[in-house]
Amino acid sequence: MSKTAPAATIEASATPNFGEMLRKLDWRRYVIYIGFVVVFAFFAVLLRDQGFLSAVNLLNIFRQTATITVIAVGMTYVISCAEIDLSVGSTAGLSSVATAMGISQWGLVPGILAGLAMGAIVGAINGGLVSLLGIPSFLVTLGMMGIAVGAAQWVTASAPQPILDDTFNTIFGSGNIGPLPGLVLWSALFVAVGAVVLSRTKFGRQVLATGGNRTAADFTGINTKRIKFQVLLISGIVASIAGMLYAGRLQSGRFQWGTGDELSAIAAVILGGTSLFGGSGTVIGTLFGSLLIGLINNGLILAGLDSSQQQVVRGAIIILAVALARKK
Amino acid sequence: MNTPDNAVEMRSISKGFNGVPVLKDVDFEVRKGEVHALAGGNGAGKSTLMKILQGVYQTDAGEILIDGRPAAITSIQDAKSAGIGMVFQEFSLVPSLTVAQNIFLAAEPTARGLIDDREAVRRAKKLFDEMEVRVNPKAEVSRLGTAYWQLTEIAKALSQNARVLIMDEPTASLARHETEALFELIDRLKARGISIIYISHRMEEVYRIADRITILRDGRRLLTEPLSSVTPEQIVEGIVGKKIEGQLAYREREQATHDGVPLLEVRRLTSGSKVRDISFTLLPGEILGLAGLMGSGRTELARTLFGIDRATSGEILIKGKKVSIGSPRQAIAAGLALIPEDRRAQGLVLEHSVRDNLLLPLLGNVSRGPFLDLGEGKKLSSSLIDKLAVKVAHPNRPVRLLSGGNQQKVVIAKWLGTDPEVLILDEPTAGVDIGTKSEILDMIRDLASTGKSVIVISSEYPELLAVSDRVLVLKEGSIIQDLPRGDIADEESLQLAVQGV
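Chains as they are written, first to last, in numbering that gives the first Met the number 0: chain B, 0 to 327; chain C, 0 to 500.
Hints in this document: simulated from the structure, not taken from any laboratory.
Take the hints with a grain of salt, since some may be wrong.
For lysine-lysine, the following BS3-like pairs were computed, each having C-alpha atoms within a straight-line distance of at most 27 angstroms [as the list claims (entries may be wrong)]:
| id | chain 1 | residue 1 | chain 2 | residue 2 |
| --- | --- | --- | --- | --- |
| 1 | C | 124 | C | 137 |
| 2 | C | 386 | B | 201 |
| 3 | C | 378 | B | 201 |
| 4 | C | 273 | B | 224 |
| 5 | C | 31 | C | 125 |
| 6 | C | 50 | C | 189 |
Covered, in the sense of this in silico footprint (three residues per stretch, anywhere, with C-beta under 8 angstroms from a C-beta of chain C), are these stretches of chain B [said to hold, decoys possible]:
| id | segment |
| --- | --- |
| 7 | 186-200 |
| 8 | 208-218 |
Computed from a predicted structure; not experimentally measured.
Cβ coordinates follow ideal geometry from the N, Cα and C atoms, glycine included.
Just need the whole structure built from these sequences, with the hints factored in.
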């Protein structure tokens, strides 16, 4: 404690009183949490007779958003670094297929490794093209989105690949630990590790600095090419794990698993307060962004809206939240 | 009360941010056809006052009169149509467009509803002819040097029929002859009845060009006087708030013992066409000045030494040992640090906090295992802030909010934290007020007295002469002279050496 005392006194003298501090508090940074509470309270009152507040339903929300949350954690790094990864959904599908085929051919562990390897290969190609050749990540990953999903569909001839290994299915998605679904634990693990690494490690700081001002980061001796490569590699690997979570939950691998998840993940990251232009990012915010989307989906279903109406309302809420959170 | 010969009259202007008053009841008048200098230290309120005039900020109290009539300036467009033009210190051009396209951006001449680029080029040519400068209107701005950006900015403001032109440090990036051309241009503009608000920290320029001066201190107007009735000492005193004497004079320093082993030795270093066959040595405790015109290769030499540009041939030795420097990482590991030319683009992550910026090169020093030690980071950044007397309300707030001088201090503090053997500073005092300037020069002297070596690049010769023990004069990428400080009689003789006469 005594070590930090000098810094603490400086801060105390800089903030003369609590009222001043409150006024300076930038509420826009916390709009995701405010929005989350407001939407939650709204549904809790409106849908109390439809069982919105039941433990089963609340756990369901967590479970349904788990894979998006996992993907969005990786996406937070990519967007913080002022890049984008549109290939995550397809990568998840491709990895689910690779895992399923690997398990049926060679067994459990080689199957998991095959899935991870698929994510690593996709991520490394994305990262390599972006950092070494300087191609914008939007274009690289847009191309990769088609390549990954097409490859997965091609090798399987569009057929689902069943996974009969109960251990795999239990670990990845179908099992429970006590009252908690395994999927929830997976997403908690990713959020915890992702949050700590981004805010408390040298790597995380360098990602944010590279996204905030790449030239200044270069002049500071940060290998920004390597950082860009690494965030896209991480995103690919994380997406492959999300693919395995789909595979475990649905007990099969299929090219369609994860389709469209890139957009949900990007929405979750931006809702969470990460800057689309890079330089600032928060994994906890991303978690709440993802949960908010899940909350809205769940509430709208319980309210009896059909899927076309859900899309309209969901889109409007996302735009509203981002509009409120924008900087003046 | 209504004085129609005032082009701009700002009455009782007050402005605060987050409850902190920045301007307090400031009056400011500019006559027609007058060059009016605006001076003040960091945070005196100059930029805020000008931003109110440009419609970037709205005043909390007071009124603005343009040509004697009250004007409601609530947006940049309002200010433009009222005839207020701005030549930005940090340029506001679109680099991927041509000079002519930039000048007529959003006001393009059209023919039958379509943009007439040929007409734009013709008009741009005419503007440049009037300015008596040669700029190719068809050139893409990103391919031009900063001096041309400035001229494009001025032409842009002129094309919008500005009657009041705000120039913020307009000569900061101009070579001597370009500065002269600018002053002649200003004289012609004056003759046309255009008023100029001239913000500059360079005293001789203010005396050369301005008719009257207004000095702001701590958000209040200290004085408005014709320059014929104030002395430079009075102005400096007004800005700094205390008397500074001879802060730019050369001080004989206690030379560190020269044991013969140079801290840095450069042998036949070449990189592209801008750094050619450069050789020099730098002893411990020595301050080496690099002089030269823009484009003489000063910045490129610094970039090559720091591994940003690759050397095509030549050797760099640190303490007698050959080092290979192919990236800033290797340069930092070898004990070098570079305070870059452009602090906003190259030195800082503007949206990040002061603390995060300070710690960026030091992340390895504040780690505990795989994690950053935030307590240690706070301590380290606070000690750096204290060491350089950075005026910062809160180290957690974005560095973007600081004034130019304080931002520069943050960049310097960031690199001093790495404890470099050789510190390279590229234009360390550009756009910095005179108080901060002398603090930076003192810091350079202190660093050298501890046995470190310093390389200073500056276009301001008084400042270069004030700190350097030796001056290398560069021209077209080569060293044309190596002058011990004692051999340079005064600013003029250095000027002559730089011009290669």
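Tested hints:
1. For a cut-off of 27 angstroms, the pair hint linking residue 124 (chain C) to residue 137 (chain C) stands: about 10 angstroms separates their Cα positions.
2. About 24 angstroms separates the Cα atoms of residue 386 (chain C) and residue 201 (chain B), which keeps this hinted pair within 27 angstroms; it holds.
3. Straight-line distance between C-alpha atoms of residue 378 (chain C) and residue 201 (chain B) comes to about 17 angstroms, which keeps the hinted pair within the 27 angstroms bound.
4. As the CA atoms of residue 273 (chain C) and residue 224 (chain B) are separated by approximately 26 angstroms, the hinted pair is consistent with the 27 angstroms bound.
5. For the hint pairing residue 31 (chain C) with residue 125 (chain C), the CA-to-CA distance comes to about 24 angstroms; that is within 27 angstroms, so the pair holds.
6. Distance check on the hinted pair: residue 50 (chain C) and residue 189 (chain C) sit about 23 angstroms apart at the alpha-carbon level, within 27 angstroms; holds.
7. For the segment 186-200 of chain B, the stated coverage by chain C is satisfied: 3 residues place a CB nearer than 8 angstroms to a CB of that chain, which reaches the threshold of 3.
8. Check result for the segment 208-218 of chain B against chain C: holds, 8 residues qualifying (beta carbon to beta carbon below 8 angstroms, three or more required).
The structure fails none of the hints (numbered hints given earlier).
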